[in-house]
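Given next are the chains, with one letter for each unit.
Number of protein chains: 2
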Amino acid sequence: MKFGGTSVADIDRIHNVARKVQKEVAAGHEVAVVVSAMSGVTNQLVDYVGKISPLYDAREYDVVVSTGEQVTTGLLALALQQLGIGARSFQSWQLPIRTDSAHGRARIAEIGTEGIVRAMHAGEVCIVPGFQGVSEEGRTTTLGRGGSDTSAVALAAALRADRCDIYTDVDGVYTTDPRITSRARKLAMVTYEEMLEMASLGSKVLQTRSVELAMNHRVPVQVLSSFEEAAGSALPGTMVVDEEEIMAKGLEQSVVSGIAYAKDDVKITVDGVADRPGVAAALFGPLAAANINVDMIVQNVSHDKRTDITFTVGRADLPRAQAELEKARGVIGFEGLKIDPDVAKVSVIGVGMRSHAGVALIMFETLAAKGINIEVISTSEIKISVLIGAEYTELAVRALHSAYGLDSA
Amino acid sequence: MKFGGTSVADIDRIHNVARKVQKEVAAGHEVAVVVSAMSGVTNQLVDYVGKISPLYDAREYDVVVSTGEQVTTGLLALALQQLGIGARSFQSWQLPIRTDSAHGRARIAEIGTEGIVRAMHAGEVCIVPGFQGVSEEGRTTTLGRGGSDTSAVALAAALRADRCDIYTDVDGVYTTDPRITSRARKLAMVTYEEMLEMASLGSKVLQTRSVELAMNHRVPVQVLSSFEEAAGSALPGTMVVDEEEIMAKGLEQSVVSGIAYAKDDVKITVDGVADRPGVAAALFGPLAAANINVDMIVQNVSHDKRTDITFTVGRADLPRAQAELEKARGVIGFEGLKIDPDVAKVSVIGVGMRSHAGVALIMFETLAAKGINIEVISTSEIKISVLIGAEYTELAVRALHSAYGLDSA
Chain A
1 MKFGGTSVAD
11 IDRIHNVARK
21 VQKEVAAGHE
31 VAVVVSAMSG
41 VTNQLVDYVG
51 KISPLYDARE
61 YDVVVSTGEQ
71 VTTGLLALAL
81 QQLGIGARSF
91 QSWQLPIRTD
101 SAHGRARIAE
111 IGTEGIVRAM
121 HAGEVCIVPG
131 FQGVSEEGRT
141 TTLGRGGSDT
151 SAVALAAALR
161 ADRCDIYTDV
171 DGVYTTDPRI
181 TSRARKLAMV
191 TYEEMLEMAS
201 LGSKVLQTRS
211 VELAMNHRVP
221 VQVLSSFEEA
231 AGSALPGTMV
241 VDEEEIMAKG
251 LEQSVVSGIA
261 YAKDDVKITV
271 DGVADRPGVA
281 AALFGPLAAA
291 NINVDMIVQN
301 VSHDKRTDIT
311 FTVGRADLPR
321 AQAELEKARG
331 VIGFEGLKID
341 PDVAKVSVIG
351 VGMRSHAGVA
361 LIMFETLAAK
371 GINIEVISTS
381 EIKISVLIGA
391 EYTELAVRAL
401 HSAYGLDSA
Chain B
410 MKFGGTSVAD
420 IDRIHNVARK
430 VQKEVAAGHE
440 VAVVVSAMSG
450 VTNQLVDYVG
460 KISPLYDARE
470 YDVVVSTGEQ
480 VTTGLLALAL
490 QQLGIGARSF
500 QSWQLPIRTD
510 SAHGRARIAE
520 IGTEGIVRAM
530 HAGEVCIVPG
540 FQGVSEEGRT
550 TTLGRGGSDT
560 SAVALAAALR
570 ADRCDIYTDV
580 DGVYTTDPRI
590 TSRARKLAMV
600 TYEEMLEMAS
610 LGSKVLQTRS
620 VELAMNHRVP
630 VQVLSSFEEA
640 AGSALPGTMV
650 VDEEEIMAKG
660 LEQSVVSGIA
670 YAKDDVKITV
680 DGVADRPGVA
690 AALFGPLAAA
700 NINVDMIVQN
710 VSHDKRTDIT
720 FTVGRADLPR
730 AQAELEKARG
740 VIGFEGLKID
750 PDVAKVSVIG
760 VGMRSHAGVA
770 LIMFETLAAK
780 GINIEVISTS
790 EIKISVLIGA
800 EYTELAVRAL
810 HSAYGLDSA
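Protein chains in written order, with my numbering: chain A, 1 to 409; chain B, 410 to 818.
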């Protein structure tokens, strides 16, 4: 069971979490719990570090910002003991949760489970801090913001857990953002691949890395709410599982599982570049060197040996991208840059489209019928994304949600 | 160097601490620093624990309340790096600071210094959290409130440091409380034994345990202010050292070093107890069993086989002491209890009184001359304490300060 910062934000909520753990114990499960820091605490610590030293040593940053999770582990252990449940905390150096030495964004290499297994066999619930680990050199590391989901999945994998329940402030994964259409439905099941696309498209239910890890180790993950009580049912959230598992359940597999959207990108058009071999490398080489992620790319048909190249980058990377392109202008030889920040990426996602033709056509026809112009298209095996004017986002999402038969009755 | 909670209360003060460390480094010293939690932080954490579970597991209490010091170690390391000084933190499990398993009030058994010595030789300042340790079982322990002084002295002993500088919010040890008389003088040196008496008498400059430890390991301790800048001089505080060291310096040893007072005790008189063997045991046995510390004791001359016994206990222990005595009334067989909360203990302290007669007489004469009645007397080798009416405290302290020649010119 993993509980995020809002789920453990104060003493009352920690007691609430303890009651949720109590139910699982009462149901006969052996439980390990991963907790985040009380919400606001990590921000406060990061703020201290920024104020003390703008160019900080990531090793000491990790020493400071990892303390919030430690506090929560102790408090939850106490709350469980208060309910008469045996419980103890394990810090990352005690297990250990071994990571590489990339402080501030470390990756988990291995988790020692001997202590946890022994405590579990003695009837104790084990509480482990998310987000933190310990390097080969024996120093405290952190996994980067939101790393607690990854900690939980890694621990579930190491323990060969039957399930990894991620408690959050939403009660599952929806066919689309319920704030955009009241017809959005909660999915009972979704595949790792679909979840991965949703996560990377800005649907922030789970950290992308945690989904990758769950997929690689085939850890069944459940997303559910820590605030709403399920009316009796055993699995009230959304299960993120292997495709075969969904098929084995004999569930009707819809072609499209969900509609995602993201407004994190801006569109850059480079006008009048020479249409010759090597020009794409000249253009995208400097961006890659500057660690700027380029997402959708389209190159126009050439006129008079000159062409336009359009692509998207993250909004936060725009100033750096512009600077890099201007620096390389002599080598690339373009006529001008056009920036359009008012764009949105809308995607339809579904493993079913692998075996179904015509999924893209429905998308294009639906958007055309609403008079929405498609600026860029990109596709993967299980996803079709289009770039459109930001103002059409909600209209497009609603129309596609209906067109693919996702609307609730 | 050890810095308490008020010295590291915010980011500005942590930068100030870093500059003090910088000066020592510039003077050619190898420095290890022990820090407390930012002031208020530990209280907040203790409060969380109390709210979550009134009857808490001390092992998890320690997990929670030890985090404040960890935060400060990282922040101070960063502040030093910002000044161009190599610095790193070591948590107690990294050294380790090995303690017994008495969670919440653990005692330090041993400190591993290998890591610190190696880092020092590499030119790094080492920052260590006060107050915390790790048990033989590998669990986090704390030393009890105020334990950071003890951590600092223990680390200084383990490193065979030339000096342990305890930075606090006063600039040294005074002949008496400067709030009572402006003629109080800062002592350049004081012996461990005297410091121990002062500490146990409520002069809260240093924790009693840290002084005991310094005495046992002959660690020279300096008490000095983290807020006032010394005008150039090398040792601006008070040195707490061995008696021989003071003599070796050829300093004039005054007979009395200081006048201390405490208002922490209440006086209990047990009236009309039988004057027979075993009655004192019957009286004080139940108090000892209830872990109530009895300080001064006086027994009156017997009349008609009955006598009165007067003693003092800590103010906080009074309700429990009364309850224990009433429970044991049948066995003790007393007529009544008289409680006087309006008392103060005033003490004159000095190793010089070992070799000087008449020190007590000066005290009694001085108090008599001011019309102050002495209710109880107790003495040790280097201390004479009297219990007087609380309202006379300031009058008595000022008169004694003059009588023993301690007034500044």
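Hints were generated in silico from the structure; no laboratory data involved. It cannot be assumed that every hint is accurate.
As the list claims (entries may be wrong) - To give a feel for the contact side, a few chain A residues facing chain B, derived at Cβ under 10 Å:
(1) Ala-9
(2) Ile-11
(3) Arg-19
(4) Tyr-48
(5) Leu-55
(6) Asp-62
(7) Gly-74
(8) Leu-75
(9) Ala-77
(10) Leu-78
(11) Gln-81
(12) Gln-91
(13) Trp-93
(14) Arg-139
(15) Ala-290
(16) Val-294
Just so you know, these numbers come straight off a predicted model, no measurement behind them. In this text, a Cβ means the ideal position worked out from N, Cα and C, and glycines have one as well.
Taking the hints in turn, this is what the structure says about them:
no.	hint	result
1	Ala-9	violated (12 Å)
2	Ile-11	holds (5 Å)
3	Arg-19	violated (13 Å)
4	Tyr-48	holds (6 Å)
5	Leu-55	holds (8 Å)
6	Asp-62	holds (8 Å)
7	Gly-74	holds (4 Å)
8	Leu-75	holds (5 Å)
9	Ala-77	holds (4 Å)
10	Leu-78	holds (4 Å)
11	Gln-81	holds (6 Å)
12	Gln-91	holds (7 Å)
13	Trp-93	holds (6 Å)
14	Arg-139	holds (8 Å)
15	Ala-290	violated (27 Å)
16	Val-294	violated (34 Å)
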